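Could you put together the complete structure from these sequences and hints?
Here the protein sequences come in this chain order: C and E. So the first sequence is numbered by full-length UniProt numbering: it starts at 1 and just counts up by one. So the second sequence is numbered by full-length UniProt numbering: it starts at 1 and just counts up by one.
Treat the hints with care, as some may be off.
Pairs count within a copy or across copies, as identical chains cannot be separated in the list.
[To be verified] Calculated cross-link-like contacts (lysine-lysine; reagent style DSBU-like; alpha-carbon spacing at most 30 angstroms):
#1 Lys322 with Lys249
#2 Lys178 with Lys317
#3 Lys354 with Lys322
#4 Lys248 with Lys80
#5 Lys149 with Lys80
#6 Lys360 with Lys150
#7 Lys360 with Lys175
#8 Lys322 with Lys157
#9 Lys360 with Lys322
#10 Lys150 with Lys249
#11 Lys249 with Lys157
#12 Lys149 with Lys204
#13 Lys317 with Lys175
Worth flagging that the hints you see were computed from the coordinates, not collected in a lab. Quick caveat: nothing in here was measured; it's all calculated off a predicted structure.
Protein chains: 2
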Amino acid sequence: MREFKRLTPYREALRLLLDDLSEIPEVVEVPLDEALGRVLAGDVVSPIDSPPFDRSAVDGYALRAEDTFQAREYSPVELKVIDEIVAGEESGARVEPGTAVKLMTGSKMPEGANAVLMQEMAEREGEVIRVLRPVAPGQNVAFAGEDVKKGEVILRKGQVLRPQDLALLKSVGFKTVKVKRKPRVGIVVTGDELIEDFDEEALKAGKILESNSVMLKGLVRQYFGEPVFYGVVPDDEEAIREVIERAKKENDLVLVTGGSAFGDKDFAHRFVKLLFHGTTIKPGRPIGYGERVFIMSGYPVAVFAQFHLYVKHALAKLVGAKNYEVRVRATLTERVPSQLGRHEFVKVWYEDGKARPIKKKGSGIISSLVESNGYIEIPEDSEGYLEGDVVIVVLY
Amino acid sequence: MREFKRLTPYREALRLLLDDLSEIPEVVEVPLDEALGRVLAGDVVSPIDSPPFDRSAVDGYALRAEDTFQAREYSPVELKVIDEIVAGEESGARVEPGTAVKLMTGSKMPEGANAVLMQEMAEREGEVIRVLRPVAPGQNVAFAGEDVKKGEVILRKGQVLRPQDLALLKSVGFKTVKVKRKPRVGIVVTGDELIEDFDEEALKAGKILESNSVMLKGLVRQYFGEPVFYGVVPDDEEAIREVIERAKKENDLVLVTGGSAFGDKDFAHRFVKLLFHGTTIKPGRPIGYGERVFIMSGYPVAVFAQFHLYVKHALAKLVGAKNYEVRVRATLTERVPSQLGRHEFVKVWYEDGKARPIKKKGSGIISSLVESNGYIEIPEDSEGYLEGDVVIVVLY
Numbered sequence: 001m002r003e004f005k006r007l008t009p010y011r012e013a014l015r016l017l018l019d020d021l022s023e024i025p026e027v028v029e030v031p032l033d034e035a036l037g038r039v040l041a042g043d044v045v046s047p048i049d050s051p052p053f054d055r056s057a058v059d060g061y062a063l064r065a066e067d068t069f070q071a072r073e074y075s076p077v078e079l080k081v082i083d084e085i086v087a088g089e090e091s092g093a094r095v096e097p098g099t100a101v102k103l104m105t106g107s108k109m110p111e112g113a114n115a116v117l118m119q120e121m122a123e124r125e126g127e128v129i130r131v132l133r134p135v136a137p138g139q140n141v142a143f144a145g146e147d148v149k150k151g152e153v154i155l156r157k158g159q160v161l162r163p164q165d166l167a168l169l170k171s172v173g174f175k176t177v178k179v180k181r182k183p184r185v186g187i188v189v190t191g192d193e194l195i196e197d198f199d200e201e202a203l204k205a206g207k208i209l210e211s212n213s214v215m216l217k218g219l220v221r222q223y224f225g226e227p228v229f230y231g232v233v234p235d236d237e238e239a240i241r242e243v244i245e246r247a248k249k250e251n252d253l254v255l256v257t258g259g260s261a262f263g264d265k266d267f268a269h270r271f272v273k274l275l276f277h278g279t280t281i282k283p284g285r286p287i288g289y290g291e292r293v294f295i296m297s298g299y300p301v302a303v304f305a306q307f308h309l310y311v312k313h314a315l316a317k318l319v320g321a322k323n324y325e326v327r328v329r330a331t332l333t334e335r336v337p338s339q340l341g342r343h344e345f346v347k348v349w350y351e352d353g354k355a356r357p358i359k360k361k362g363s364g365i366i367s368s369l370v371e372s373n374g375y376i377e378i379p380e381d382s383e384g385y386l387e388g389d390v391v392i393v394v395l396y
Numbered sequence: 001m002r003e004f005k006r007l008t009p010y011r012e013a014l015r016l017l018l019d020d021l022s023e024i025p026e027v028v029e030v031p032l033d034e035a036l037g038r039v040l041a042g043d044v045v046s047p048i049d050s051p052p053f054d055r056s057a058v059d060g061y062a063l064r065a066e067d068t069f070q071a072r073e074y075s076p077v078e079l080k081v082i083d084e085i086v087a088g089e090e091s092g093a094r095v096e097p098g099t100a101v102k103l104m105t106g107s108k109m110p111e112g113a114n115a116v117l118m119q120e121m122a123e124r125e126g127e128v129i130r131v132l133r134p135v136a137p138g139q140n141v142a143f144a145g146e147d148v149k150k151g152e153v154i155l156r157k158g159q160v161l162r163p164q165d166l167a168l169l170k171s172v173g174f175k176t177v178k179v180k181r182k183p184r185v186g187i188v189v190t191g192d193e194l195i196e197d198f199d200e201e202a203l204k205a206g207k208i209l210e211s212n213s214v215m216l217k218g219l220v221r222q223y224f225g226e227p228v229f230y231g232v233v234p235d236d237e238e239a240i241r242e243v244i245e246r247a248k249k250e251n252d253l254v255l256v257t258g259g260s261a262f263g264d265k266d267f268a269h270r271f272v273k274l275l276f277h278g279t280t281i282k283p284g285r286p287i288g289y290g291e292r293v294f295i296m297s298g299y300p301v302a303v304f305a306q307f308h309l310y311v312k313h314a315l316a317k318l319v320g321a322k323n324y325e326v327r328v329r330a331t332l333t334e335r336v337p338s339q340l341g342r343h344e345f346v347k348v349w350y351e352d353g354k355a356r357p358i359k360k361k362g363s364g365i366i367s368s369l370v371e372s373n374g375y376i377e378i379p380e381d382s383e384g385y386l387e388g389d390v391v392i393v394v395l396y
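Below, the structure is given as structure tokens:
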């Protein structure tokens, strides 16, 4: 009877793995347009104040707020318009008591003025505007450095870039951004029973349609990597040894599915010096890792759990990504028992503050993944959660 | 004084807009590998039972569970191995009382057997295995149709495809999937004050670095679309008319930033027959929509809010996407006052069940978007929320 001598506790295995990997040093500079979802390689400092000076936030009239404090609809205040400028121009005039300067959105505030009346709110007659209501000091003015200050860190290393992050970079003058090179992730799928194309006869005879590769490619893409698929390799010791060697050379990380247990044909784990083999996670216990290679299960659900519990964190470490998970609080709609000594990965459907555990079991049951949108983790020392317990759901 | 005669309530404007748009009919068939994040064009029905027959979920020995009920470590049950098959083969043998068949993961269950003993749990000696513990009926067996049944809808129209969805499609024999064509979204940015390249002199003179285009391109990509950028157009009536006409012809949707208010140079809204112009949202009130064209603000924060409150839902309608938002429940860390009559878009930082409102105001303040990871909405009839109130956060 061959089994794992010892199951490495989940957290211990994760630490071994993360300690073994280091952030990839390569940085690539990409146009902002191609940077969505990429991971920022270093802190970004603003080269300018933004806005670079006090400016109007609207089209309207720059004025002295104090001139308008007595303005009422039945007794408007009249101001003389002493200058009119268009967008991108600057007024040389100084706003003295009783005067105003017409300007556009983004125009530099003229000297003397401390507020802007929106154009739509002014009644204009020749050189005069009538103000019907008081304007507060600072109203409709965007102050210099109000958005970001020169020298300020505006984005931090590890940020996964979103549309608004790109806008901020652009607004202070950047057209490119330095991001981490995408880690190359070799994917090797092993198993004599696997076929790639639909074949009713073969399925009847016991073959299985291989689905791990398309899933892993998608997961690798979601978590910053570039997948490289090495195809389905038969359960042949030499073939597996050869492809693992090659994939190791050509990639930052290698994922091998199948061959992680101790069947007669489980070869993959023999060709890697493993830091751990067999951990307390459920499903997915027979996972091994060493030399940047993961030896994973053959079952899609186990592979999915192994990816989220281990591989995802490895990829985040390689690129230095922060905040790469969406973790939300939820109330369980029913109890979830868990085996002591196992770190359980429980699929749930999260909606409106509630997490409903997906009951379908079995590591071949891909539909259970499809019916879920997140997972909870139940550590080794817990027998599970009760209905109504508040848990953390990681969304996917 | 020119202003909006009436602000259309948020929900009314949204309904007008969604009623005006219809789902785009075109469907494209893409390889599974290219389908991540695409929107499923129709329900998908499984052409097969999966698994196609009862099969073993592990490498091991198929047996009759009842033969093992008396098995104890100190008094093992012995079974005779009458056949051995490898992956993808089928046994012709029938498992009679006292016998077992050695098989592999995925092997068809031989007649007579109703459970599988994992190989690692069996002590083998020649033709005999010793079973040390009882095996439950059904243990380690994946039953026919257990994952999905032939004819069953396995994925629904509108699903945004995830890695596990692709795996399910592959596991029942698909290599391609029909998804909606990506809507083409024309982006037109207007404003004399805008520059595309960093230029210190120009900035000092009142110019502004344009940042809406890169943000909108990113947002459009996040929500199923393909952005087409028409560049920065000066505040010239003819130029704006021409580019809007062209963009309308070439796209499913057009986003115009700038020119939505009533300044002298706000031309854009004059060239579109608007269904509404001016709504109760804050920020972003001066938004107009008609003829598949959005006339949006010039300010990045207002544009961002307008996108999430209106454009995102329009794009989802065009492709028929479901579940395109991550909505989570959260407790507010402090009170958020809101103006009656306005539908407020409040940026928050969501973490661990709590939502912290981002105080920075001003529609030019892009850093306020960067510091947030979601928003809450406060409808017109509410004066806001108190500290401790439970709200729904839409994550971004």
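Query raised in the report: For Lys149 vs Lys204, is the C-alpha pair at or below 30 angstroms within one copy, between two copies, both, or neither?
Result: Close across copies (15 angstroms), not inside one copy (68 angstroms); limit 30 angstroms.
Query raised in the report: 30 angstroms Cα cut-off: does Lys322 pair with Lys157 within a copy, between copies, both or neither?
Result: within (8 angstroms within a copy, 33 angstroms between copies)
Query raised in the report: With identical chains treated as interchangeable, where does the CA-CA distance between Lys178 and Lys317 reach 30 angstroms or less: within a copy, between copies, both, or neither?
Result: Within one copy, since 17 angstroms is at most 30 angstroms while 35 angstroms is not.
Requested in this report: Indicate which option fits the pair Lys360, Lys150 if close means a Cα-Cα distance not exceeding 30 angstroms: within, between, both or neither.
Outcome: between (55 angstroms within a copy, 18 angstroms between copies)
Query - Same-copy or cross-copy closeness of Lys354 to Lys322 [CA-CA at most 30 angstroms] - result: both (26 angstroms within a copy, 19 angstroms between copies)
Query raised in the report: For the identical chains here, do Lys248 and Lys80 meet the 30 angstroms Cα criterion within one copy, between copies, both, or neither?
Result: Answer is neither; intra-copy 76 angstroms and inter-copy 43 angstroms both fail.
Report task. Can you give me the call for Lys150 and Lys249, within, between, both or neither, at a CA distance of at most 30 angstroms? Result -> For Lys150 and Lys249, neither the intra-copy (44 angstroms) nor the inter-copy (43 angstroms) Cα distance is at most 30 angstroms.
**Report entry** Alpha-carbon proximity context of Lys149 and Lys80, limit 30 angstroms
**Finding:** Neither. Shortest intra-copy (35 angstroms) and inter-copy (80 angstroms) distances fail the 30 angstroms Cα cut-off.
Requested in this report: Please work out whether the CA atoms of Lys360 and Lys175 approach to 30 angstroms or closer within one copy, between two copies, in both situations, or in neither?
Outcome: Classified as between: cross-chain Cα gap 25 angstroms, same-chain 49 angstroms, threshold 30 angstroms.
Requested in this report: Up to 30 angstroms between alpha-carbons, please classify Lys322 paired with Lys249: within, between, both or neither.
Outcome: Answer is within; shortest intra-copy Cα gap is 27 angstroms, inter-copy 42 angstroms.
Requested in this report: Can you give me the call for Lys249 and Lys157, within, between, both or neither, at a CA distance of at most 30 angstroms?
Outcome: Within one copy, since 28 angstroms is at most 30 angstroms while 42 angstroms is not.
Requested in this report: First find the shortest C-alpha distance between Lys360 and Lys322 inside one copy, then the shortest across copies, and answer within, between, both or neither for a cut-off of 30 angstroms.
Outcome: between (32 angstroms within a copy, 23 angstroms between copies)
Comparing the model with each earlier hint shows violations of hints 4, 5 and 10; every other hint is respected.
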